[in-house]
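A.B. asks: Below are the chains, spelled out letter by letter.
There are 2 protein chains.
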Amino acid sequence: MKTYPQSMLNLMRELGRMPGIGQKSAERIAHYILRLPHDEVMQLAVAKRNVKQNVSYCSICCNIGESDPCHICADHGRDKTKICVVEQPKDLIAIEKAGFYEGTYHVLFGHIDPLENVAPEDINIDKLVNRARENNIQKVIIATNPNMEGDVTAMYIHERLEPLGIKVTQLARGMPSGSYLEYANSAVIADAIHGRKLIQKD
Amino acid sequence: MKTYPQSMLNLMRELGRMPGIGQKSAERIAHYILRLPHDEVMQLAVAKRNVKQNVSYCSICCNIGESDPCHICADHGRDKTKICVVEQPKDLIAIEKAGFYEGTYHVLFGHIDPLENVAPEDINIDKLVNRARENNIQKVIIATNPNMEGDVTAMYIHERLEPLGIKVTQLARGMPSGSYLEYANSAVIADAIHGRKLIQKD
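Chains as they are written, first to last, in the numbering used here: chain A, 1 to 202; chain B, 1 to 202.
Worth flagging that the hints you see were computed from the coordinates, not collected in a lab. You may find that some hints are simply not true.
One copy or two, it doesn't matter: identical chains are merged, so the pair holds either way.
What the hints assert, rightly or not - List of simulated lysine-lysine pairs, DSSO-like, C-alpha gap at most 27 Å:
| # | residue 1 | residue 2 |
| --- | --- | --- |
| 1 | Lys127 | Lys82 |
| 2 | Lys197 | Lys80 |
| 3 | Lys2 | Lys52 |
| 4 | Lys90 | Lys197 |
| 5 | Lys127 | Lys167 |
| 6 | Lys127 | Lys197 |
| 7 | Lys139 | Lys127 |
| 8 | Lys197 | Lys139 |
| 9 | Lys80 | Lys139 |
| 10 | Lys2 | Lys197 |
| 11 | Lys97 | Lys139 |
| 12 | Lys52 | Lys90 |
| 13 | Lys167 | Lys197 |
| 14 | Lys167 | Lys52 |
| 15 | Lys24 | Lys139 |
| 16 | Lys197 | Lys52 |
| 17 | Lys48 | Lys2 |
| 18 | Lys197 | Lys82 |
| 19 | Lys97 | Lys80 |
| 20 | Lys167 | Lys139 |
| 21 | Lys2 | Lys139 |
The following block holds chain A by itself, in its conformation from the complex (with noise of 0.2 Å):
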């Protein structure tokens, strides 16, 4: 059975390797790629290429940027004895965007997780271990996900960090800010209580 031309099968098997793109959806896209005009495909493969060559990884905070140090690891303004842990730069990016916080970060790239195997040597937890003690970290707040896999990890960490001397936060868990209490479930509900604080005076 002759179907499309071998160029246009390499070119959907690629697409559809990539997340979230099914078979179907890399037909479609490898349709649109061959309507584009020369340059516009050029670009995107230039794109592409530019990403692969010029972005790496930090090798203090293993972020992803174009330098090395990243830009939060190269700016003087930043608390440099003070480091945010997340999962993934996405969850980086969540935290820069809320515009406050002024410490630097370290992305683990994932999270502990016996289930699909993945234990702690596999994510950055060893590089961020010597990183708080050869810098004089003095504060470490774990910004896993509030699940049991991102508990797993925050715990994990701090018995790692704890006989350094360093203080370990993880973030509050609770209400979100802005919702109602009955539609909460039980497990939010449960945080809230669990956590309550003494109400002080601005």
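Here the structure of chain A is known, so what remains is to put chain B in place on it, guided by the hints.
C.D. replies: For chain B alone, kept in the frame of chain A given last:
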């Protein structure tokens, strides 16, 4: 112009006063009631009358109930020295469903809202303060909604109860359990970072 018989118009007018029911919905419901068998219409009427006859407000906690005191205030297994303050009965239901709070409640039926002309004396705050003073209350947990009105209400209650030597806490604010950092908005991330806690071993 002659439209519906007067008794249909009366029913539509009464139905149309209910929250979330507009003129068109009222018309549809009136026709539905007209088509119902006689005994089902009577069941509905009896159910409405019984709610009005049998349900009243608890003289202790202001919650709705078919007895006074309500079944929570009358329960000897409840910790009577602890009050959880909520805005509405449906918030109380949400906390009860979570299934581990063993104290009593106080229902404000609203929150302080200067823009809507709701002052402290318009909701059940005086009753709460009197109840706390007269009944040796030691702990008050304020579970108003996590928004500006809820916080203003919490702050006001705190100012009234603190001079009585009562420990006043508020529900924890932060990341909701099971959510993802990358989708959290800036206000939630700010709460989570500001409220971060030392990691404790279980």
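A.B. asks: Each hint needs a verdict: does it hold in this structure or not?
C.D. replies: Structure-based check of each hint:
no. : hint              : result
1   : Lys127 <-> Lys82  : within (15 Å within a copy, 47 Å between copies)
2   : Lys197 <-> Lys80  : between (29 Å within a copy, 20 Å between copies)
3   : Lys2 <-> Lys52    : neither (35 Å within a copy, 76 Å between copies)
4   : Lys90 <-> Lys197  : between (30 Å within a copy, 23 Å between copies)
5   : Lys127 <-> Lys167 : within (18 Å within a copy, 44 Å between copies)
6   : Lys127 <-> Lys197 : between (34 Å within a copy, 24 Å between copies)
7   : Lys139 <-> Lys127 : within (16 Å within a copy, 45 Å between copies)
8   : Lys197 <-> Lys139 : both (22 Å within a copy, 12 Å between copies)
9   : Lys80 <-> Lys139  : within (10 Å within a copy, 41 Å between copies)
10  : Lys2 <-> Lys197   : neither (69 Å within a copy, 63 Å between copies)
11  : Lys97 <-> Lys139  : within (21 Å within a copy, 38 Å between copies)
12  : Lys52 <-> Lys90   : within (18 Å within a copy, 54 Å between copies)
13  : Lys167 <-> Lys197 : both (20 Å within a copy, 10 Å between copies)
14  : Lys167 <-> Lys52  : neither (37 Å within a copy, 57 Å between copies)
15  : Lys24 <-> Lys139  : neither (49 Å within a copy, 61 Å between copies)
16  : Lys197 <-> Lys52  : neither (47 Å within a copy, 39 Å between copies)
17  : Lys48 <-> Lys2    : neither (31 Å within a copy, 72 Å between copies)
18  : Lys197 <-> Lys82  : both (24 Å within a copy, 15 Å between copies)
19  : Lys97 <-> Lys80   : within (19 Å within a copy, 45 Å between copies)
20  : Lys167 <-> Lys139 : within (5 Å within a copy, 30 Å between copies)
21  : Lys2 <-> Lys139   : neither (63 Å within a copy, 78 Å between copies)
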